[in-house]
Every structure is written in C-alpha cells, then in structure tokens.
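Q: Each chain, written out:
There are 2 protein chains.
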Amino acid sequence: MKFSKRIESCELSPIRKFRPYMVAAQEKGRKVYHLNIGQPDVETPQVFFDAVRDFSDKVLEYAPSYGVDEFVEAVRDYYTDLGFPIQKDDILATYGGSEALQILFSCLLEEGDEVLIPEPYYPNYDTFIRVTGGKIRPIPTSAEEGYRYATREKIEPLINEHTRAILITSPGNPTGVVLTDEEMRLLADLAVEHDLCLISDEVYRELIYGDRKPTSMLAFEDVAEQVVVVDSVSKRFSATGSRVGMLVSRNRELMGHAMKICQGRLCTATLDQVGAAALYRNMTPAYYEQMREEYCRRRDAVVEGLQKIPGVKFRVPEGAFYLMVTLPVDDAEKLLYFLLEEFADNDETVMYAPGRGFYATEGLGRNEIRIAYVIRPEELTRAMELLGLGIQAYLVKKENV
Amino acid sequence: MKFSKRIESCELSPIRKFRPYMVAAQEKGRKVYHLNIGQPDVETPQVFFDAVRDFSDKVLEYAPSYGVDEFVEAVRDYYTDLGFPIQKDDILATYGGSEALQILFSCLLEEGDEVLIPEPYYPNYDTFIRVTGGKIRPIPTSAEEGYRYATREKIEPLINEHTRAILITSPGNPTGVVLTDEEMRLLADLAVEHDLCLISDEVYRELIYGDRKPTSMLAFEDVAEQVVVVDSVSKRFSATGSRVGMLVSRNRELMGHAMKICQGRLCTATLDQVGAAALYRNMTPAYYEQMREEYCRRRDAVVEGLQKIPGVKFRVPEGAFYLMVTLPVDDAEKLLYFLLEEFADNDETVMYAPGRGFYATEGLGRNEIRIAYVIRPEELTRAMELLGLGIQAYLVKKENV
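Respectively, the protein sequence lines represent chains A and B. Going by the working numbering, the first residue of the first sequence is number 1, and it counts up by one from there. Going by the working numbering, the first residue of the second sequence is number 1, and it counts up by one from there.
One or more hints might be untrue.
Computed list of lysine to aspartate or glutamate pairs in DMTMM-like fashion (alpha-carbon distance at most 20 Å, straight line) [as the list claims (entries may be wrong)]:
1. K31(A) to D345(A)
2. K2(B) to D189(A)
3. K2(B) to E114(A)
4. K17(A) to E61(B)
5. K17(A) to D89(B)
6. K135(A) to E111(B)
7. K58(A) to E379(B)
Just so you know, these hints were derived from the structure itself, not from any lab. Since the structure is predicted, the reported quantities are computational estimates derived from the model, not experimental observations.
Can you make the complete structure from the sequences, with help from the hints?
A: Here's what the structure looks like:
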C-alpha cells in the first residue's frame, strides 16, 4: 500500500515519543517527575463536572457544526468582557486548539506553501502543516536574545511568494515569551502589508506574570480581516481532556471556508461544550489571579533550582508555563535516555522534552530542553535538584568512557 | 488573503445547508418532520450518562493519543465477541468516524490521487478527500439495479495509477444496501490484486434487517494488510453527540502513520470515551435486537407510505436507516425549497436531503432524495403523507406557472 509523501515526512510527537521509556522507568519502581508535557495538576473547576452531570437530555444529539449555542454565547461574552467585542458568527467551536489549527491550514495551504513561525515552536504545528503539503519557514531567534522575534528586520526578508501566514504564540510555548503591544502592532502591520493570515495562538492568554493585562490580536480592529485567533479551554481552565477549543475571526470568507470542514465533520462533542460553557460563565477575575499566582510560584521554584545548576542558561519566562533551558551537554536526548534508563537518586528521576523537536533548522536545539512547570513548587524544587544531579552523573560517565 | 484551491472547491454540506430554511419555517409556526439528517430520536443508553457522572478524577487530563485504555479494551472485546480478534494496537480512538476518515485520507492521498466510491455516497467523504487534494472516482450504480456495485466489471476498469483506495459503506448510507459475503470477498480480492487500501465504513454494522449476522471486512484475515475499518458509537448507541469513533486495522505501517496525526492533535475527549466504554461493556444482544426491530418498524412505515405516492421509485433498504427515492419531479432541491417556504398541510411540512450532493457525476441525483427514517413510525407515516401532498401541490403549481 502506498502512503502519502506528506505523512512519511511527519514524525511522532517529540514530546510524546519518550513515553515508553518513562513507563519502563516507572515499572522499575522509579518515581519520575514529569516536566515533559503541558498537563497541569491544577484541579478542573467543579462547575465543569456539575454542568456535565446536570445535562438531562435523553438523547445525546449532534451539536450544531459551529458549536453548542450556550458555549458560543459564553465565549462571545468572555471576549466582550476582555474588551474585544465579537459576533456569534466570528466563533467556530473546534476539538481543542489543535483542530482549529488543522482547519486553518487546510483553508490556507497547498503543496509548497509556507508559514512563518518563530523557532523554537510547538512541534505539533509541524505535523499539521506537513499533512497539507506546506512547510514551516522558521523565524530565527536565540537564547541570547531571549527568543524574541517580532522585528521587521527578522521577519520581512523571509516573506516570499509562497508565504501564506505568520503563526505566533503569545504567551509562548515553549519559550515563555510574551509579545509587547509594539511587537503585536508590528506583526499586524506586516500581515496587512503582505496580505498574510496572522494566526495568533492565544491559549495561554491569562497566564502572564507581572503587570500586563491579558490581550489578543483581536485588539487591532483595523487588521480584523487578517487576524484569526486560536483558543482553547485546556490550559485556561486546566481541562485538557475536554478537547474544547475554537477559531475566532472576523474574516467572513475565512470563516465560510472553515465552516465547510466543520460541517463535514458534523460537530464537536456536545457534553464537553456544555461543561466548557459553564467554565466561561462562572470564572471570576479572582480565579485567573489565583491561577497566575500559583504558576508564578512554580516558575520561581524552577528558576531558583536552575540557578543552582552549573552551566545552564535560560531566560525567566514572562508567561505560559514553559521555558527553554540550554544545558552543558552535547545532546539533551542522550541525557534524557540516561535519566530514564540509568540515573536515579533515591529512586527518583526527572523527564523533560528535548529541544531538537522544537526547531525546523537542522542542528539547532540539541543542547536545549523544554521544561513544563505544571507540578507543585516543592516537587519542582526536587525535580531541578534531580536534573542537576543527573547532568553531573552524565558528564562524569562521559568523561570515563 | 489567499485560500487553498482545495478548500475553494469544497461546498457546504448538502445535508446541513438547508437548515436556515427549516429554522425559518419553524419560526412561522410550522412543524417540520426531519428526514434530512441521521440524528435518531432513540434514547442514548443510561449507562453512558452514568459512567460520565461517576467520573471522579479531580483533573480532566489528556487521554493517551491512542485512546482511553478502558475504551480501547472494551472495543477490542466487542470485536472479539463478534468473531474478529484484534490487538490493542489495532485500534486508534478518533473524533467520530469523521476524524478516522480525515486521518486515513491524510495518510493515503496526495494531489491528484483517487478514491473509488460507489455513488450515491455520504457527501462528507467528498469534503474530506478534497482537502487533501485527492478526488472521488465514482463507481456507478443505478436505482434500477438497487444501487449494487460490487462486481469486478464495474470496479476494475476504474482502477488506474492514481487509485489509492476503495471506500465502501455497508450497511450503506444513503442506499441501505448491505453487501453479501461474496461481494465483500470480491472487494477484498480487488484490494489485494491492485494493492489498494480497502476502507470499510461499518458504523451501521448492527442495523441489518432479515437473517444476516453483523459482520466486518476484518473477517478476511488473509487481506488484513489492506483493510481498515472506520467505526463509531454514534449510530450503534444513538450517541451522535459523543463524537467517539475509531480506526481499526492490522496494518502496522498504516497505524504508525495514523499515530503521527493522533499524537499531533494529542487525544480525543476523555469523558466521552469513558461513557463509550460503558456502552460497549453493557450492551447485550437483546439491545441490538430491540434496536433492529425498532428501525425495521420505521422502515416498514416509510415503505408503506411511499407506496401510496404516485410516481415514486425506490428499493426496500436492507440495512442502516436511509433510503434513496426517485421522485416524479425535475429537481428535488426546488421541491425542498417549496416544502419549506410555501407548502403546509395543517401547519406541518417535511424535510429531506436532496440527492444531488450524494453524487460526483454531474447531472445525477437531481430527482432523487435521501430519507433518514430516524423518527417514530407514526410520525414517519404522517411525514410520507406530507411528502405525497407536497409533491402533488408542487406539480400543480408548476403546471399553472
């Protein structure tokens, strides 16, 4: 049987593919601290489960293709409260942010088309783009510059006749970078000048540290035709397993095309949308504040722990719950195999996502890792200690080989 | 902004696009009998809701990319009980049968590749295939031959160097055709001889009338490498809003490629899979028998009603809950607009899916309709009466124009 070249060029998720080694370590009795995947341990608000339990229809019917009405209305009110009034027709419910991206790339890309994305980036973008026949053209950044990318000098030379979109993530996964208002304005201007789709992945919107307010590319009403926002309840409400996300755009033509795919796959899960509607309806500013404070404590625990490890380099993240760290090793994948297969301290070890899969450019990211700080501060302190001990043991072993 | 030619060539769902006219009719106070969409009124078994309510995790976490373990195990046992032993690795949970198809086409198709599908077919196949750049090559059938297609003479001449797969649906949507064992064997042979993927959409498996037992293309173990089954809980358990489906195949290479996409979109909804596992665990042969009997009564009500309408032609369906009907009108879409906008009998009217969208061949299906018999027998009797009255009124109006 012949498979498409597109799928043959895809890889398994660099975040998920190390799972079997983790399972093997656990079966040996090891405790593994998970810093590898963005699965927070924060409890899902009870209102989600209550709304699902209160669902009393006798038949679990298809939802409308655009989404369950009460969910779409709740999302609309959420955006309006944030200061970005949108219409009901500007929203399409999707299976998490993931499907929103899959739909967008199907609407935009053909064989050979390009999407500009700052690297390092969320690796699944690559899979979604490759299956359409498109490819990522990376906007280069560096650890030294704190992974910032939103300048005309960096981006404009990369735009060519194949460029269809710029995809940004702010607050950023995996870097924790949060765009400034000036940087957002520049991206909006570039999208208009070159008639590109500006895809803004804003699933970590509320997770910002310091004084900035949650914002959105929807703020730039003058470029409404270029902007499409990808959003999700997963991280905002710690409900990753609900798979409720959305596309938000005021571009009617784009939404019309997206609707063709939404109707084709009929709808997304009814009950999860009912639960998600309750999340949006019942969440107060205090909820977001508390979540921000919790993640801020976690970030601080990671930063404090990393500062004790000789030779590591990193920037303090401004948002989301990730950071990229440069390690004093040649290959972070080899170190990860060592940590899962050989190393243990008091029967404990630690797991992260190696950096290579976050880069399109060959050779980059080999000595970098992504840490997801999604566990409690005291666990993070221990995890950083284990990382330091593991690096030390790995370097000693290498010297002795 | 430039959109892909692929999405521009797609259309809105021919099943869903008439919804606004139905809403308008309802707003005028009309009762509309829905025969247009495969949304059964049968109650979803209570075990689904009970399992969802009993879910007691505090964090609604990502499921594994292949599916929630208890769901995958339940599906495996279901297939084993049917007489088709499969391994856990032969199953990937998907967002309904729809995503299973989207994943498959991404694994198989490139620009210009072809999928053989008997027409009339489920229209969303066309959308899923077009967004990959592929296209449907229809296997012709006719109302006179009862829409049967599985002969070497009909299929083999259509196979060329672009053909990648044969997609069949049995029991069939929209025709109600159920393949015989001999027909299934022939399709299996053709797939092997021409090294094609044989995609078998079996979401209506248990919905067969008469003496045949539920079966599957998995029965042909000698062609296991060619066969992939698309399945779903939607129709089997009247749980369309759960969006729980699956890919089933013993072809490891295919499943490896499919896993890349599954990992990319992370997972499908956790709670719905928990509910679906309970459906599979708790369903008895008596449940399926009762469901079959109910749909058999509905089929009989439709058939009896249709026999009273002058000039209509149809075959009695052998399975699923649909049938194609040839009407004594020039254009079934025009009749549908008439039924929704002008016609009423005692403030009631009827809605169906026009046949044109079920055909790839230009000009076919214009005087055909698909009826979904998903409401109670007495309602179906009235709906057929309304269809007859509507046709009569439409023909009188046309004569007078």
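Q: Evaluate each hint against the coordinates.
A: Taking the hints in turn, this is what the structure says about them:
1. For the hint pairing K31(A) with D345(A), the CA-to-CA distance comes to about 10 Å; that is within 20 Å, so the pair holds.
2. Only pairs whose Cα atoms come within 20 Å are accepted, and K2(B) paired with D189(A) is accepted, the gap being roughly 17 Å.
3. With a C-alpha separation of about 12 Å, the suggested pairing of K2(B) with E114(A) holds against the 20 Å cut-off.
4. Proposed proximity of K17(A) and E61(B) is supported: the alpha carbons are some 18 Å apart, at most 20 Å.
5. Between the alpha carbons of K17(A) and D89(B) the distance comes to roughly 16 Å, so the proposed pair stays at or under 20 Å and holds.
6. Only pairs whose Cα atoms come within 20 Å are accepted, and K135(A) paired with E111(B) is accepted, the gap being roughly 16 Å.
7. The hinted pair formed by K58(A) and E379(B) meets the criterion: a straight-line CA distance of about 19 Å does not exceed 20 Å.
When each numbered hint is compared with the structure, no violation occurs for any of them.
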